[in-house]
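**Q** So you can see what is in the structure, the chains are spelled out below.
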Amino acid sequence: MSKANGSAGGDGFDPKSAAYLDSIDVVQIQRGPEPGGVGGAYRAFGETLRGLKTTMARLIEGPLTIEYPEEKTPVYPRFRGRHKLHKFEDTGLEKCVGCSLCAAACPADCIRVVAAENIPGDRVSAGERYAAVYEINLSRCIFCGYCEIACPFDAITMGHDYEMADYDRSDLIFTKEMLLAEPIERTPLKSEGE
Amino acid sequence: MSREITLTIDGREVTAVEGEMLHDAARKGDVEIPVFCYEPKLGDPVGACRMCLVEIEGIPKLQTSCSTPVREGMVVHTRTEQVKQAQSAVVEFLLVNHPLDCPVCDKGGECPLQDITQGWGPGKSRVIDEKRHFQKPIELSPLIAIDRERCILCYRCVRFSQEVSEDAELQLLDRGDRTFVGTFDDRPYVAPFHGNITELCPVGALTSYTYRFRARPWDIEQAGSVCTLCPSQCNVSFTVRDEKVKRVLGRDNAEVDDGWLCDRGRYGFEMFADAKRVDGPRLKGGAATDWKTAIEAAAAGLLQAGEGRVAAIVGDASNEEGHLVQRIVREALGSPHVDSRPSRGPRRETIVGLAQPNLSARVRDIDDADVILVLGTDPLHSSPILDLRIRKAIRRNGARLAIATERPTALDGGAEAIARYAPGDAHHFILELTRALGGADTVATPLAESLEGAGKVVVVWGERIGSFGATALLDLAKALKLGEADGAGLLEVPDTTNARGLREAGCLPDAGPGLARVSGGKSTEEIRAALESGELTGLLLFGVDPIRDFPDTPAWEAAITAADFVVCFSMFETATAAKADVLFPLETHAEKDGTVTHPDGRLQRVRPSASRPGDIRPNFLVLSELAADLGLTTGIDSQPTAFAALTQAVPFYGSIDDASIGGRGIRWQDTPSGSKSPEPGKAPEPGSPDTQRGALGTIAETAADPRGVASADPGSGASLALGTYRDLWAGLITELNPPLKFLAPEQRVEISLTDANRMGLKNGDAVKVAQNGSSVSATVSIKERMSDGVCFLIEGTAAGNANALLNGGPVSVEITKVEA
Chain F
291 MSKANGSAGG DGFDPKSAAY LDSIDVVQIQ RGPEPGGVGG AYRAFGETLR GLKTTMARLI
351 EGPLTIEYPE EKTPVYPRFR GRHKLHKFED TGLEKCVGCS LCAAACPADC IRVVAAENIP
411 GDRVSAGERY AAVYEINLSR CIFCGYCEIA CPFDAITMGH DYEMADYDRS DLIFTKEMLL
471 AEPIERTPLK SEGE
Chain Z
9 MSREITLTID GREVTAVEGE MLHDAARKGD VEIPVFCYEP KLGDPVGACR MCLVEIEGIP
69 KLQTSCSTPV REGMVVHTRT EQVKQAQSAV VEFLLVNHPL DCPVCDKGGE CPLQDITQGW
129 GPGKSRVIDE KRHFQKPIEL SPLIAIDRER CILCYRCVRF SQEVSEDAEL QLLDRGDRTF
189 VGTFDDRPYV APFHGNITEL CPVGALTSYT YRFRARPWDI EQAGSVCTLC PSQCNVSFTV
249 RDEKVKRVLG RDNAEVDDGW LCDRGRYGFE MFADAKRVDG PRLKGGAATD WKTAIEAAAA
309 GLLQAGEGRV AAIVGDASNE EGHLVQRIVR EALGSPHVDS RPSRGPRRET IVGLAQPNLS
369 ARVRDIDDAD VILVLGTDPL HSSPILDLRI RKAIRRNGAR LAIATERPTA LDGGAEAIAR
429 YAPGDAHHFI LELTRALGGA DTVATPLAES LEGAGKVVVV WGERIGSFGA TALLDLAKAL
489 KLGEADGAGL LEVPDTTNAR GLREAGCLPD AGPGLARVSG GKSTEEIRAA LESGELTGLL
549 LFGVDPIRDF PDTPAWEAAI TAADFVVCFS MFETATAAKA DVLFPLETHA EKDGTVTHPD
609 GRLQRVRPSA SRPGDIRPNF LVLSELAADL GLTTGIDSQP TAFAALTQAV PFYGSIDDAS
669 IGGRGIRWQD TPSGSKSPEP GKAPEPGSPD TQRGALGTIA ETAADPRGVA SADPGSGASL
729 ALGTYRDLWA GLITELNPPL KFLAPEQRVE ISLTDANRMG LKNGDAVKVA QNGSSVSATV
789 SIKERMSDGV CFLIEGTAAG NANALLNGGP VSVEITKVEA
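Protein sequences, first through last, are from chains F and Z. Residue numbering for the first sequence follows my numbering, starting at 291 and increasing by one per position. Residue numbering for the second sequence follows my numbering, starting at 9 and increasing by one per position.
Derived from the structure by calculation, the hints contain no laboratory data. Keep in mind it's a predicted model, so treat the numbers as computed, not measured. A hint or two may mislead.
[What the hints assert, rightly or not] No more than 25 Å apart at the CA atoms, straight line, and that leaves these computed lysine to any residue pairs for SDA-like:
id	chain 1	residue 1	chain 2	residue 2
1	Z	K144	F	A395
2	Z	K144	F	E407
3	F	K466	Z	D109
4	F	K377	Z	P562
[As the list claims (entries may be wrong)] The following residues of chain F were derived to be distant from chain Z, with all beta-carbon distances above 10 Å:
id	residue
5	Y332
6	R333
7	L339
8	P359
9	I409
10	E418
11	R419
12	P442
13	A455
14	R459
[To be verified] Among chain F residues calculated to face chain Z with C-beta under 8 Å, some are:
id	residue
15	Q318
16	A394
17	P397
18	A398
Backbone N, C-alpha and C fix where the C-beta goes; we use that ideal spot for every residue, glycine too.
Given only the sequences and the hints, what does the whole structure look like? Please build it.
**A** Next up, the structure:
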């Protein structure tokens, strides 16, 4: 730019001539309409009002904020929340046989299973073996649901509970008893068609 | 040896050795053919599972690749439509009766049937009929559960039982689809190697109770190490979960164990976490303390015992630990008294002579031997895996077996010639045998005849032939020309696991590191006498329990009590450990980091696999710190530095490093530094231990000893010559491993039928075996093939330990019946 100005003053060329414009690098600046007037006033407030229209319309609708934790978002039926372990309804035996396939499938490596042998007369599960220790470290779990898919006995499923915050990491290691216990249904489910 | 031939498999040129099976040749060409029943370790293929069918051009029907030898120019296809159809049909057929209970099956995740079904199976079942049912799981033995529903009848376990361990207990019973694996009359299958069948089983039909439901393959880590429970030093792989050993598997090493493990090594791991384990340093009375205090107390006590007045006995130790102990005693405490043998052993010159590389046989040489001479040892009890090797040589390669022992051995059935000599008379017999080989007519002539004209003779000899025996063995080796033939030689079965390594690391009274000559040291027996007389005041025991394992236990107890200061390194709370002033914990072979030397000269690395319980620290560090407190700076602060110190001190280990040991070990004879083996010495000097045994005079005189060979004095009255042996199952192994408890032997006195009749004894009678005031209780066990006039007791049993009756010399005992 400075080069173009310099040559314009020094050599006496007409700065508006086409030949001159072709011969140098020019940056053309497009300017908007001059401010002021009716057009200017519309441009200053019109768009703002258009935006405010949306705002005003929402005002009439009232607040959409869900007052968590007093109020909870309903989840879809296939929402993958905290796991549950299951028992057979008729016999009361645990469905889990401690095969450890969930632990194998877990990409976060957060499931730990230690199996043991059932003692006849004091059966824990339906198979030869049962899970003596079944722990899920929920601070590591990524809720992918692979454990549920891997389970050959539908012993573990993903529940709907997503409220697992705690003050202590060690409290997030859920034991078999905690997973087997009937969960407190804190999370509403989305109703049909919602 | 064999001709190399070329064949084509799936369009690939593969070079194979003539006579090799097609399956093995394919593997070399990187072509995988699925198999269930084929296992080269088991010997000849049987072609039972039909999984390995392949198409061979020129043969209309499919052939089993496991049992078809390769031929020059053979063209093989393993992926044609016909083969695929056959493979998927075989898998479908095997799964007809397989319960598919993989989630509860212990094999799940490491199951060949799962893998092959995934890889070659049809992926879908058409079977709608009910599968066959058996009661499950049943105890096949107290250690193994059998699930017959899962069995695919591959014959592997049956072949192992019949052709490898040769106990012939497992059989296939019944016919057709009702066939099942079992024992006669459903008796428990109890045999010393039976754990191997769980590893052989390609499905989950045979599982160990010790590993039942303990872990899945993705929960565990495999850690390779070496078993140090006996001198076989089998290569093992520990299955570790949560830093604890859960299972022991074989780590095939054809040079050492041939891929098998004995049950002692396989199931002897639960003691690692036993309550009796010493899990931290302790002071007198068992008070736990910290390491600093303990090491300072040990150093102060040893220094106070006085220069040259401390002795050390090393037992269960790695080469590095042995080397450090002898340095501490020799350099820091100025005492030459170090030994690593429970009883009197040969002099340095004999040891050096026997260690000559041209005389020493490799374990593998047993396979190709023409004649195997088992001399003064029962491999089943002392080095179990050699028992299988010898059986294999006889069965597969037609080797002849000659046995000369005190006590009937497990191998007697396959022997061509058997000789028995009286307990403690091995040296006589060896001298007679040498003379017989020279043409003289002696008691050993029948045995000598079977050795004559044999090309490759491997002598498997036991350390228990004693110091005279070892000297005589050198002459026998000369007579048999062992040093000249390739593949012939001597293979020792020592009493302790790392006997050879400790000798070579310098734990001998008359030899320092590298078997260099030193003088003035006292042997184990002399140490005991010197402790009792007060000549020695301090004692350093490393991995030994003299009050249980050494001959003459009452004298040892007195000697250790008499010692002013005892430092003991012990794995468990033993009677000896209880008397220690300072007690240090020892690491097990799952925790230790170090090297051990196999009796054939192979250095192998024991690697830490599991965590050390309690407050246990690496032993070489403890020794190094103890040395520092005693004013000896070793500079050892890690395994590599400890190993470097060892290889520097032992010239013939010089060129061995961690990389050359690798996972399979290396024989020092095969390394460049192997040529630096010590020169054999001159003839025994008068006054040296070999010629000291006054009662029998010199060797030349005793050769004509009327006590004779092969058959002892028939004896009069109830007096019999006492022999002892270390039973495979005697000792802590069965006491501290709950699954093995049922195998713990009760003390019994073995006598011949003639003697039993003469003394009016029956099998199972309670008797007292007495010698010179001390006695042990036992029950009578009449044994076939026993010489008359002798009886045998087990060493190291919990009650009635035979070691209490021994005194280092020949012992005769009185047997009196105890009326109930």
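**Q** Take the hints in turn and mark each one as holding or not.
**A** Tested hints:
no., hint, in the structure
1, K144/Z x A395/F, "29 Å, violated"
2, K144/Z x E407/F, "13 Å, holds"
3, K466/F x D109/Z, "23 Å, holds"
4, K377/F x P562/Z, "62 Å, violated"
5, Y332, "71 Å, holds"
6, R333, "68 Å, holds"
7, L339, "65 Å, holds"
8, P359, "38 Å, holds"
9, I409, "12 Å, holds"
10, E418, "5 Å, violated"
11, R419, "5 Å, violated"
12, P442, "5 Å, violated"
13, A455, "29 Å, holds"
14, R459, "20 Å, holds"
15, Q318, "69 Å, violated"
16, A394, "5 Å, holds"
17, P397, "12 Å, violated"
18, A398, "14 Å, violated"
Hint check: violations occur at hints 1, 4, 10, 11, 12, 15, 17, 18; the rest are consistent with the structure.
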